[in-house]
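Number of protein chains: 6
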Amino acid sequence: MAVTCLLEVVPGETFEGFCLVKEVKQEKTKKGDPYLNVTVAKKHKMVACKLWNNGFGGKDVEEILSIFSNGAMLHIAGDASEYNGQVQMTISAFRQAVQGEVEMSEFIESAPESVESMEVEIRAFIDEIKIPILHQITSELFEENNKYFMYHVAAVKMHHNFRSGLAFHTLSLLRIAKNICDQYGEAVNRSKMYAALTLHDMGKIIEMTKDTAAPEYTLFGQFLGHIQIVNQMIDRKLVFIRSQRTVSLEEVTVVYELMNIISSHHGPLSNGWGSTAEPITLEAHLCHMIDNIDAKINMISKATVDMKEGEVQKIWGLGKIYKAKGLDK
Amino acid sequence: MAVTCLLEVVPGETFEGFCLVKEVKQEKTKKGDPYLNVTVAKKHKMVACKLWNNGFGGKDVEEILSIFSNGAMLHIAGDASEYNGQVQMTISAFRQAVQGEVEMSEFIESAPESVESMEVEIRAFIDEIKIPILHQITSELFEENNKYFMYHVAAVKMHHNFRSGLAFHTLSLLRIAKNICDQYGEAVNRSKMYAALTLHDMGKIIEMTKDTAAPEYTLFGQFLGHIQIVNQMIDRKLVFIRSQRTVSLEEVTVVYELMNIISSHHGPLSNGWGSTAEPITLEAHLCHMIDNIDAKINMISKATVDMKEGEVQKIWGLGKIYKAKGLDK
Amino acid sequence: MAVTCLLEVVPGETFEGFCLVKEVKQEKTKKGDPYLNVTVAKKHKMVACKLWNNGFGGKDVEEILSIFSNGAMLHIAGDASEYNGQVQMTISAFRQAVQGEVEMSEFIESAPESVESMEVEIRAFIDEIKIPILHQITSELFEENNKYFMYHVAAVKMHHNFRSGLAFHTLSLLRIAKNICDQYGEAVNRSKMYAALTLHDMGKIIEMTKDTAAPEYTLFGQFLGHIQIVNQMIDRKLVFIRSQRTVSLEEVTVVYELMNIISSHHGPLSNGWGSTAEPITLEAHLCHMIDNIDAKINMISKATVDMKEGEVQKIWGLGKIYKAKGLDK
Amino acid sequence: MAVTCLLEVVPGETFEGFCLVKEVKQEKTKKGDPYLNVTVAKKHKMVACKLWNNGFGGKDVEEILSIFSNGAMLHIAGDASEYNGQVQMTISAFRQAVQGEVEMSEFIESAPESVESMEVEIRAFIDEIKIPILHQITSELFEENNKYFMYHVAAVKMHHNFRSGLAFHTLSLLRIAKNICDQYGEAVNRSKMYAALTLHDMGKIIEMTKDTAAPEYTLFGQFLGHIQIVNQMIDRKLVFIRSQRTVSLEEVTVVYELMNIISSHHGPLSNGWGSTAEPITLEAHLCHMIDNIDAKINMISKATVDMKEGEVQKIWGLGKIYKAKGLDK
Amino acid sequence: MAVTCLLEVVPGETFEGFCLVKEVKQEKTKKGDPYLNVTVAKKHKMVACKLWNNGFGGKDVEEILSIFSNGAMLHIAGDASEYNGQVQMTISAFRQAVQGEVEMSEFIESAPESVESMEVEIRAFIDEIKIPILHQITSELFEENNKYFMYHVAAVKMHHNFRSGLAFHTLSLLRIAKNICDQYGEAVNRSKMYAALTLHDMGKIIEMTKDTAAPEYTLFGQFLGHIQIVNQMIDRKLVFIRSQRTVSLEEVTVVYELMNIISSHHGPLSNGWGSTAEPITLEAHLCHMIDNIDAKINMISKATVDMKEGEVQKIWGLGKIYKAKGLDK
Amino acid sequence: MAVTCLLEVVPGETFEGFCLVKEVKQEKTKKGDPYLNVTVAKKHKMVACKLWNNGFGGKDVEEILSIFSNGAMLHIAGDASEYNGQVQMTISAFRQAVQGEVEMSEFIESAPESVESMEVEIRAFIDEIKIPILHQITSELFEENNKYFMYHVAAVKMHHNFRSGLAFHTLSLLRIAKNICDQYGEAVNRSKMYAALTLHDMGKIIEMTKDTAAPEYTLFGQFLGHIQIVNQMIDRKLVFIRSQRTVSLEEVTVVYELMNIISSHHGPLSNGWGSTAEPITLEAHLCHMIDNIDAKINMISKATVDMKEGEVQKIWGLGKIYKAKGLDK
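Residue numbers (this note's numbering), protein chains in the order written: chain A, 1 to 329; chain B, 1 to 329; chain C, 1 to 329; chain D, 1 to 329; chain E, 1 to 329; chain F, 1 to 329.
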């Protein structure tokens, strides 16, 4: 009997069920016959499929491509085999899902915590910002953008590239920062850390498209990068506050200090990783290092989830990674 | 008879005349007696002086330091000798200049062209910007800031670190750009080049202090750098225009493109030289390369002005530089 | 009806016309049948073609390869389709062009200006060299080599890799240099600039093969590089002049200074880009920077010519490049 | 009246009290008279002193040097002045402290927590290591070496260069790691983290001399570095355990994995910072990043302790650092 | 008639003979039929083969894979053609070799000298080590490990990746070192050089698997690298000697100096090439440089063996390499 | 009684004898009195001296400077003391040496072998060059330049900066090369190695001044570097040979290959160390590596000659260096 959940498909099985289309490429056989390379997915599981010409069901290429479009929900049937150690499937039948037939959220990868609880926790961190102007700016920018912020990815390809990845990444940094602040006492300024970390990647809601299925860099993102974008958001907020009330030089200074922390959260300029100013405070250095920790944990966890215990693999951007086995692992 | 113009002082001469104090350091002899190392200047000529304790004229150190303050205009007498190939002077008498006794402008190094003619020429370039929103932004930012812009230095230490150095450097780039645009025709967008070059270093009026005698980096300059500062000025201008009239997506895009050209005018991020985004247009690449040309010409001219013909010297940031001699040089 | 000019071929059309063979690779299908991957071209337009075994017309592979040879002019028929966003063609018929049937010059990409006018203009620049020994060396080397110089490519792959690309690139640099010299007056030595720029890449006529259809590095080019080759040409000329008349030390010095400018025109040694000495004069630094400007303008123009407006593409050696749209572009 | 505690000395005051000799250099005046440059200290406060020839009290240089030796406790009298913004003192009288006259611990800078409480807390961490062979190795190495470990410096010059600096640094990392482990759950292996962090710098007890007043690199330290030294300690322990009982392959593997974490705690080899193997587990990457955080916090705290609020200074290894002022700082 | 020795196979010939299986990959045709890509070898000659489904002889994929396993000796028949300038073969028949039918040693690439003579010569070098503790350690480690040492490869892919490559490489370095020592006299310590060179790569017998047909990195190799592994072997030997007799501080020091030479034989840490300590003696610097010479000679010889005279090819890790022709070559 | 040989001077002694002036700097005391810092030398021993104003013997500064000129041979008297661990001397009397009073060769550091024997040995190597055109070029260039070549230094500051250092360095490389050629047989071309090594640094006779007491870079040396200079010498020789007889393409090729070996003897261009072409033969790679070996041996020997056994010192360009003690050292 056929497997009906894509997460359970293994070579040798027949599959009949729903899946999300992630990527489609039209190809030609050496004889010139058109066929499709399609990647279908459920959550983090991706399966490469072939749809041969004789499986087009009499449709021409244009019709087929209008069905197999990026982000479409389809019901397909196919036989799973193995190719280069990966599952591969030849599609024998397909149809579009009917409205209401499937729950989209069961197919999209999301942060492992609920949007609601994360939102509550981030707000609690914002409430701990004791420098009024930083509190006001952070709070207002969060509230004005949180419809996008809470659902956005944190990356096109690298770490946290899933629904609500941006919020989850932001919250993870705040949690690490809380512990560092608790541990080191007055050496670290908690208000500046919480404000900077809440905002540090907020520019990504403009740097990358909002489509969480397959996010891409926007033109504006490529012109300025997410650091300059969020600094612009902060500056506009500062201008607005100034139009409402007198802002002291001290307050302006601390807002610029906040922008410096954000400007330098990709490390020193000499890295060439996109910081827009040198870090010149402890908080700026910390913001970069904490960001690194969460990014690396996410990248390595993602990279090792499908590895076998005891295996070593080369991972892009990390070098070789070993997945432990034995003892308590 | 004593020399009266600092520009003419050579070892062996006695000097009696006016000079500007550029730098003062209080020192102690091995015996513990206080004395001053003072650098005095007229235009580009700097002379290192000693004011020994026995030359204090009965004043205590605090009084002396209130006279020999950074930027003060003094009348001094002294004997010039040579030390390590440089003129050095021991001050034997001094007094503060009386109001109106000397013309400050004869002592400060300035751009080799008049502020008035440079201002006219820059405005003419701005008039050539044919994209209306770029013209408006550039023109308004220039007019609103030109009181500072026209007199500001372009650097603390490196190239164009003199009065109106910023305006002169900006104008030099515009002139080079004009010729490049004339030569390459439609390949290069003249309006974007003129807008970007006029504005590219305008953030320096906030990044560095306005005192042209001895400019320093400001705190805001160190938080953001001049690139982010001018991008902020442009963004505020864009927000203002939007509050007055509808701005099309096309127009916003071209303003962000302008910010990209400025963001990347220190070259690719991998240089680590302070660009805040990668250059992604021909105009962005050109802006960086033209900036380089004018900077190098200024640095080498400055470095070689006091070298002898036929000499080779090591210059900071340039390596060895040879000053040609013979033939037409 | 079939398209007859390769420049107009788009997917879906049938083509019947002439084309130049740029590259040929013999391949085998999985079944072991031989077939050819052929790149044909007209001017800058390249089309990838397949010639299947059943299209060999009974000829064996050797015969086919003798017809589809690099640089051959053929008349072919084929159907154009699309593959990975590129035109691709399956060749159904072919024959060699008859002598005189087509004009080769209509198929080869060339500099956008006539050889004659460029030659006149370069000579005019050489006439402006006012240091006699530099004038003599530059003029004689230009005249002795101009048969090759005026038609040679400037590169195997990168910028100006077309017929007369070397002359066009050289002339472009001279034009930029003229404007710089006009703008900066005595700071820059016009004679040295013109001599150095005229000669700087002349070694390429030996570094690369003269076949402008598909130039390659020569063995001598790989042994020495074009910088050492042209310095050798200059040195031999100097030896010759010395055999005719007395040459003063001043003159020898200025010739060595010329060789230094050329030696360092790929920038400081630390770049690792092939300079053979450090730049130690303003002219040497300028020569490198001006070379860069023309190279980048050519590379970006070439890279964007086939991009759509509003598009961003990754270009080898340049990173991402955006092609502007809207307003005056 | 004279100040008696070195911590309170400011320019203009006379000092009479005890101090520790940190560094001594014999110099000569231009006339050839010998004198000493002496650095004396109490806790973190260092004061540069001059002992002129006429203050030698009739002793010759050898006698003087035997009194002013590195680490000696002296009672001195002197007048404090200012030199280059630093306190400087001319010594007018001196004598060696009598045994029991002063409490050494009041003069040496130490970790801000008591050795006893730190030792208890580190042991509690070791008890949390749930992989038996890692627990045994870590526990035994800690117990065998803790007489040195608990009092040793963590560096010659950089961060944590004070008494018990090694223990304090180690404990700080364990505390950060605990929070990371709590936050990320099973993604991070707590036992491996605690074992690796406890041991990671233990090799420093051999790499640097035990004299906490002025530690130096030992010859063995320079031959192998602290990473190879501690790996050797672990290996010897493994050999010993094997001589007592059978050790499974699984156990050997986890011990080597531990050595890999330690080997790579200075980051990837390409950094050139002294790692002896590439990090190939999440724990290895984490160990490096956590080490960085504590080091940077310590370095910046140390660098800013004597800066004024609002000031920016260039700090070796960190670039410019700003000390915040105003608001909650 | 069919060729029977794989070394003689050229395109167009039929082959029938024995060969060693070096690599096997299961693939599928576009139609989904399974087939194998097999690399077979004799000595240094590698031939890529296809075994199509219709050549499986009725066996299923599992059976086929159990025959075509890595390291298997097979008798095959096939037709050789050319593909991309390389010989390629389609296998038409195959069977496993019978025990004793072929001599394995005729199929494996080995060092060009006999194991016996190399062993004698290395022992003679060890006998020249005049520092007793270095002699004892080197000699005992060599004798205890020489069963593996004499047959092991020196690399997975790079230089000396053949049977006894490790011994041959080691011996080559000893020979170069002998001449250097003879030439420079007392400047170089012969005993330290011989001890260090004999041991420098001995850790590879644990870093890489012992299977000389297709060596791979072991897990332990990836945890520590061959430098730390051999230093561990030396340290264990030192511990053992100490358990037998008193070892003076001088002796311990020279053993640690030996470990430093080995630790740094990949050059300075800043290279990022895997040294585990900085070189701090002449012998350490020399060990690295001599290692380089033998490695480069082997790499270039290997790379050029199949090139034609007069040809230039790009070689991984070396750049372009020219194979001389003419004259005495 | 006074010491009469500078080599034997230690602190506390009085010296009366001859010495060579190596460096002179005019200074002023804080009071403005002139004095001299003079470095005098015998062989490798350098002693820093002071000549105070009261020791001028009534002469004025100009007279004094005409006596204490660079390279002068003087008889001086002085008292030696210690300063910063170095001998320092105050000159109490001085006079110029009379013609014939001292043997200059006893004061200049020279290669440790005689010029005559070195010349014989280099000629013997040249005789082993079996490619006629390489033999002719090498032999003629050696004979034409050997008056300078045999006495020239090999460096201004680094390794082999002594009389005949160039010849000694060249010969050392030839000796290493001979052994490498003997060991590796046909893999290395002996003729090319000998020709390239004999000539590789010959350009230094023009790059640096001929004064072996205090060599400096010449202007021509800075314009071209010694590599381009010797390649020019080779090219002129080739041109000359061509004027005498027909030279085959094969012969020209091998001469250019020789120039490639020399061009690349500072390693790959990416090093930025001054190679003028990439190494593309084994001989080119070897030439660089052998050059390195002799340079490092010389630098480390020179650096350690005055160190105490057991000491570690930081050496410019080498990092820390340890001088072994104990056992056989």
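If you are wondering where the hints come from, they were derived from the structure by calculation, not from laboratory data.
There's no promise every hint is true.
[To be verified] The list that follows gives simulated cross-link-like pairs (lysine-lysine, DSS-like), each with its CA atoms no further than 25 Å apart: (1) E/K178 x F/K325; (2) D/K308 x A/K130; (3) B/K308 x B/K157; (4) F/K325 x E/K130; (5) A/K210 x C/K325; (6) C/K210 x B/K178; (7) F/K59 x B/K314; (8) C/K210 x E/K314; (9) F/K323 x D/K210.
[What the hints assert, rightly or not] Quick look at which bits of chain C chain B covers, simulated, 3 or more residues with Cβ under 8 Å: (10) 87-99; (11) 135-145; (12) 172-185; (13) 228-242.
Yeah, the Cβ is synthetic: ideal placement off N, Cα and C, and Gly gets one too.
- prompt: Among all the numbered hints in the text so far, which are the ones the structure does not match?
  reply: 6, 7, 10, 11 and 13
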